[in-house]
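Line order of the protein sequences matches chains A and B. For the first sequence, position 676 (counting from the first letter as 1) is numbered 676 according to the numbering used here, and the numbering increases by one without interruption. For the second sequence, position 206 (counting from the first letter as 1) is numbered 206 according to the numbering used here, and the numbering increases by one without interruption.
Please keep in mind that the hints were generated in silico from the structure rather than gathered at the bench. One should not assume that every hint holds.
[Claimed, not checked] Simulated crosslink set (EDC-like; lysine to aspartate or glutamate; CA at most 16 Å straight-line):
hint : chain 1 : residue 1 : chain 2 : residue 2
1    : A       : 240       : A       : 577
2    : A       : 63        : A       : 228
3    : A       : 531       : A       : 350
4    : A       : 172       : A       : 228
5    : B       : 33        : B       : 2
6    : A       : 252       : A       : 64
7    : A       : 384       : B       : 78
8    : A       : 384       : B       : 2
9    : A       : 384       : B       : 77
As the structure is a computational prediction, the values presented were derived from the model and not from experiment.
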Amino acid sequence: MPDSVLTPKVRLSWLLKMAWRDSRKNRSRLLLFISSIVLGIAALVAVYSFKDNLQRDIDGQAKELTGADLVLESRKGVSKAMQAMLDSLGDERSQEKTFASMIYFQQGGGSRLVQMKALEGRYPYYGSIETVPAEAAAHFQEGRNALVDQTLMLQYNAKVGDSVKVGDLNFKITGSITKAPGQTGIASSVAPTVYIPLTYLEKTNLIKTGSRLNNKFYFRYDNPSGVDAWVKQNEQKLEKEGFDADTVESRKEQTGRSFKDVNRFLALAGFIALLLGCVGVGSAIHVYIQEKLSAVATLRCLGLKSRHAFFIYLIQVFFIGLIAAVLGAIIGTGIQFLLPLVLKDFLPVEITMQVSWPAVAQGILLGLIISVLFALPSLLGVRKISPLNAIRLSFEKSASRRDPLIWFIYLLMLLFIVGFTHLQMKTWIQTLIFTASLGIAFLLLILLSKLLMYLVKKILPDSASYLWRQGFANLYRPNNQTLMLTVSIGLSTAFICTLFFVQGILMSRVTLSSGSNQPNMVMFDIQNTQKDRLDSLTKAYKLPLMNQVPVITMRIEEINGKKANADTNNRRAYRNEIRATYQDSLTAAEKIVEGKWIGKIKPNETIYISLDQRYAQQIHVDIDDKILFNVQGMMIPTVVGSLREVNWSRMQTNFRVVFPAGVLEEAPQFHVLMTRIPSSELSAKFQGEVVTKFPNVSVIDLDLVLKLLDDILGKIGFVIQFMAGFSMITGWIVLVSSVLTSKNQRIKESILLRTMGAHRKQILAINAIEYFFLGTFAAGAGLILALGGSWALAKFSFDAAFYPPLIPTILLFGSVVLLVVITGVLSTRSILNQPPLKILRTEG
Amino acid sequence: METILNIRNVSKIYQSAGQSLTVLDNINFNIEKGSTVAITGPSGSGKTTLLGLCAGLDQASTGSVELHGIALEALNEDERAAVRNQYVGFIFQNFQLLPTLTALENVMVPLELRGAKNIRDHAMDLLDKVGLAGRSHHYPVQLSGGEQQRVSLARAFSSKPAILFADEPTGNLDAETSEKVIRLLFDLNKDAGTTLVIVTHDLDLAARTGRIIKIKGGTVLSDEKTNDA
Numbered sequence: 001m002p003d004s005v006l007t008p009k010v011r012l013s014w015l016l017k018m019a020w021r022d023s024r025k026n027r028s029r030l031l032l033f034i035s036s037i038v039l040g041i042a043a044l045v046a047v048y049s050f051k052d053n054l055q056r057d058i059d060g061q062a063k064e065l066t067g068a069d070l071v072l073e074s075r076k077g078v079s080k081a082m083q084a085m086l087d088s089l090g091d092e093r094s095q096e097k098t099f100a101s102m103i104y105f106q107q108g109g110g111s112r113l114v115q116m117k118a119l120e121g122r123y124p125y126y127g128s129i130e131t132v133p134a135e136a137a138a139h140f141q142e143g144r145n146a147l148v149d150q151t152l153m154l155q156y157n158a159k160v161g162d163s164v165k166v167g168d169l170n171f172k173i174t175g176s177i178t179k180a181p182g183q184t185g186i187a188s189s190v191a192p193t194v195y196i197p198l199t200y201l202e203k204t205n206l207i208k209t210g211s212r213l214n215n216k217f218y219f220r221y222d223n224p225s226g227v228d229a230w231v232k233q234n235e236q237k238l239e240k241e242g243f244d245a246d247t248v249e250s251r252k253e254q255t256g257r258s259f260k261d262v263n264r265f266l267a268l269a270g271f272i273a274l275l276l277g278c279v280g281v282g283s284a285i286h287v288y289i290q291e292k293l294s295a296v297a298t299l300r301c302l303g304l305k306s307r308h309a310f311f312i313y314l315i316q317v318f319f320i321g322l323i324a325a326v327l328g329a330i331i332g333t334g335i336q337f338l339l340p341l342v343l344k345d346f347l348p349v350e351i352t353m354q355v356s357w358p359a360v361a362q363g364i365l366l367g368l369i370i371s372v373l374f375a376l377p378s379l380l381g382v383r384k385i386s387p388l389n390a391i392r393l394s395f396e397k398s399a400s401r402r403d404p405l406i407w408f409i410y411l412l413m414l415l416f417i418v419g420f421t422h423l424q425m426k427t428w429i430q431t432l433i434f435t436a437s438l439g440i441a442f443l444l445l446i447l448l449s450k451l452l453m454y455l456v457k458k459i460l461p462d463s464a465s466y467l468w469r470q471g472f473a474n475l476y477r478p479n480n481q482t483l484m485l486t487v488s489i490g491l492s493t494a495f496i497c498t499l500f501f502v503q504g505i506l507m508s509r510v511t512l513s514s515g516s517n518q519p520n521m522v523m524f525d526i527q528n529t530q531k532d533r534l535d536s537l538t539k540a541y542k543l544p545l546m547n548q549v550p551v552i553t554m555r556i557e558e559i560n561g562k563k564a565n566a567d568t569n570n571r572r573a574y575r576n577e578i579r580a581t582y583q584d585s586l587t588a589a590e591k592i593v594e595g596k597w598i599g600k601i602k603p604n605e606t607i608y609i610s611l612d613q614r615y616a617q618q619i620h621v622d623i624d625d626k627i628l629f630n631v632q633g634m635m636i637p638t639v640v641g642s643l644r645e646v647n648w649s650r651m652q653t654n655f656r657v658v659f660p661a662g663v664l665e666e667a668p669q670f671h672v673l674m675t676r677i678p679s680s681e682l683s684a685k686f687q688g689e690v691v692t693k694f695p696n697v698s699v700i701d702l703d704l705v706l707k708l709l710d711d712i713l714g715k716i717g718f719v720i721q722f723m724a725g726f727s728m729i730t731g732w733i734v735l736v737s738s739v740l741t742s743k744n745q746r747i748k749e750s751i752l753l754r755t756m757g758a759h760r761k762q763i764l765a766i767n768a769i770e771y772f773f774l775g776t777f778a779a780g781a782g783l784i785l786a787l788g789g790s791w792a793l794a795k796f797s798f799d800a801a802f803y804p805p806l807i808p809t810i811l812l813f814g815s816v817v818l819l820v821v822i823t824g825v826l827s828t829r830s831i832l833n834q835p836p837l838k839i840l841r842t843e844g
Numbered sequence: 001m002e003t004i005l006n007i008r009n010v011s012k013i014y015q016s017a018g019q020s021l022t023v024l025d026n027i028n029f030n031i032e033k034g035s036t037v038a039i040t041g042p043s044g045s046g047k048t049t050l051l052g053l054c055a056g057l058d059q060a061s062t063g064s065v066e067l068h069g070i071a072l073e074a075l076n077e078d079e080r081a082a083v084r085n086q087y088v089g090f091i092f093q094n095f096q097l098l099p100t101l102t103a104l105e106n107v108m109v110p111l112e113l114r115g116a117k118n119i120r121d122h123a124m125d126l127l128d129k130v131g132l133a134g135r136s137h138h139y140p141v142q143l144s145g146g147e148q149q150r151v152s153l154a155r156a157f158s159s160k161p162a163i164l165f166a167d168e169p170t171g172n173l174d175a176e177t178s179e180k181v182i183r184l185l186f187d188l189n190k191d192a193g194t195t196l197v198i199v200t201h202d203l204d205l206a207a208r209t210g211r212i213i214k215i216k217g218g219t220v221l222s223d224e225k226t227n228d229a
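Take these sequences, add in the hints, and give me the full structure.
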């Protein structure tokens, strides 16, 4: 026999032609199958494009973010040597002192804690402080003027020309700030900014011992090319003096880095939508190939080789996948214009949206890989279709489960998921946790659906009416949709519910802390001389003195005899300023977990201090370790006597370092006082009097903070829900695709039932029962996963109790079930409205 | 006469639910080139399985099948597919037209698989011979059962096969259409000089062939020449 007989050449052009011919009448169906991935691709392209645009804008606007070529910042005082160095830097200099302070609106009478910026010099050198009127920023330093945050002015109904009291001085508001360098919408609503000229700061009398002051020095260089090198050269010296350096380059990196996490989250949310779509693609292609069994068998009889049959369907999936990917990329490019609107309050730069071709290419490539990869297990089965199927169904079952190539494809899928997740995550641990969580969720949903099928089969009573029996039987009959719908709807429900619950956990954590018997106002920076007078004022307003503690600022000088430069692995311990207190007994929020609590000591006795156990871990110290503290110049040697577990969520002042009574009483200190004010009117009146009589005392209105927090969480929640929406819609597309996939089978069943005399209503009822239980089970399974996941997150991540909100949970569950039933029943109605014979002929 | 199909000691055993099921047991016969043969037998006798083995759609558990001088048991599935394409034609009970291809495209497929070019005219000629030239661009769903089987005949003869296997070719047709299709089948076969093997229940149809092999319980019950031989 000539070789040409055994190896006839099948040209690629013919395979392409056959793929095209074979797809006739199926293209819209194929597109629907693949459309499951469109939204996932769209979400990822949108996120990637947004990331590219944001990075480009950060790069382009980094100078405006920094406002100078070099920024040196310190919370410590400036030494003479350092001052000499500062005076020698740059071609132009500005200085700013930033601190928290109260202001009082003279005309409206309201008071508010703000971020006060006392500025001297022409800062910002790049970009501007945008004000209304525009010239106010350039001229406010010429007199006793203030620039006040626009939102704050609106809140307190203040106008340009009004007066605002800052400490002992009144300032004229000459402009409202609409934008300051590097400030986001969220930052300005949490801590609204007020600028005053630095020359007046001293006269305000706001700066006292222990005040938390941030000194910033801004430098402009005619030639800034050497700035980064200078910072690197002087790194150690700056660190020793307690200075941080910020350059245009470092700000670029820092801003980009902080948005990496946001982008990671957004990309993972998109990826979950894409994975859901993949489940849809895999399942739909499986059914599609099943329907092609007869055609493939015929072609095999006519002499088509198995690999060529496989290529025909691979080509179809490739091109339909390409179309879906391109469609996803186009939609994603459109959606990217929405992301800046969703995230606008968190963005430090003006976003200029452009089509990001790398993101589009990435999305299309991803779509192609995903479509082909998840279709491959079914496509490979084409190779195993026996020509015998053309004359009758084969006796022997397909050997696809034993096909090593299938297992290789499953391995590729796993590698793809792990690889893609790793690209979004920081570490392998995170990658594995994410992948394992997804895998466990998939596995649990698969097991739950198998359990449902088993239970329905076993429990369904014979006495039940036919409609119920048929409806339930549809859940476990051959080619049922139970598994696929449980996984896709269950996973999307689980995802949405988890995000919803986590948002709730965060909110309840904050809300719980502000219960009716908890303080809702904190006053701090109270000087020794003011303490008794402020107590009296508080009592005069009939307000309780709920928590009154002294605060002393200090630094760690040595740990077990080692100074910062010798203890290089523990720099953090020496770097930060510590706010400590002294007390003779433990508070309700504290519990000793190790060592012995010593509340009071006599002079010359060893000073046993108590540390928060987490803080002790962070700075690598344990019981009996020696710590030398620098309390504003005075060295105090101590020994770690005990470790405490501190309930930080309790609304009271908590401290990482607690000294016993008898040591720090004479050290420079300020006091914190907490109280509870029953009404906002009384709060405004009390705050007004505090600001007038004790200008340096800062007041935090916790009700206002909670409202702000609620607002921020609401905005974050919206971003999360926006991304979760992709999964929800994808889940629905998978549902529609799945319903249409089984349409042929349903048509045959419906026709059979109608031929035997079933009413339309009865058939609708059977389908409604099936979809109701599918929806109930899938949504229930998703909800169980979400409850389990949220409980675990609450317990292990947030250290909080988890109480799922009952009514929203029921509403969410009901909506999913309703959606499944409506989609399922509507698809059946289109079949029932046609006469049986017409459908029979159409479906051929 | 030259032998085109040589079946020697062929058995087919299926494993089902852990048990062995012998469908064909030690079958032996030859078929000469250009002859017409009917394989008959009751349902479940193994005749369709035998057709599958003869046409290289499946492999025998034991024994040998030699088609056009090629020992099929030595070939893998893809090589058998190539042999089918080169030497074998099929007619199926349920027509097995590809539903997404037009009548003309269905007829062209076997030749296209060989890589042949300019085949449209040849395919149109065949459709003309079966009386469907005017319906060449119709899809199977738009054709009646008889028309679909005629397209199937045109497809079977399009590649000028050495041997043609017909599995219950009139099983899905009414008596009148069956008669027309059978007449057409024998006419085309005569013109082409093809070896024709028909698997059928229909004894009248079997009687129109030159030889009848009766199968029962997986064994050859009788192998007789008919009066038409």
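Okay, the hints, checked on the actual structure:
Annotation: proposed proximity of residue 240/A to residue 577/A holds, straight-line Cα distance about 13 Å (limit 16 Å). Between residue 63/A and residue 228/A the alpha-carbon distance is near 14 Å, which keeps this suggested pair within the 16 Å criterion. With a C-alpha separation of about 46 Å, the suggested pairing of residue 531/A with residue 350/A is violated against the 16 Å cut-off. A C-alpha spacing of about 39 Å is found between residue 172/A and residue 228/A, which places the hinted pair above 16 Å, so the restraint is violated.
A distance of roughly 6 Å separates the Cα atoms of residue 33/B and residue 2/B; the hinted pair therefore holds under the 16 Å criterion. A threshold of 16 Å between alpha carbons decides the hint, and for residue 252/A with residue 64/A the separation of about 11 Å falls inside it, so the pair holds. The hinted pair formed by residue 384/A and residue 78/B meets the criterion: a straight-line CA distance of about 11 Å does not exceed 16 Å. The suggested pairing of residue 384/A with residue 2/B is violated, with an alpha-carbon distance near 35 Å, which exceeds 16 Å.
A C-alpha spacing of about 10 Å is found between residue 384/A and residue 77/B, which places the hinted pair at or below 16 Å, so the restraint holds.
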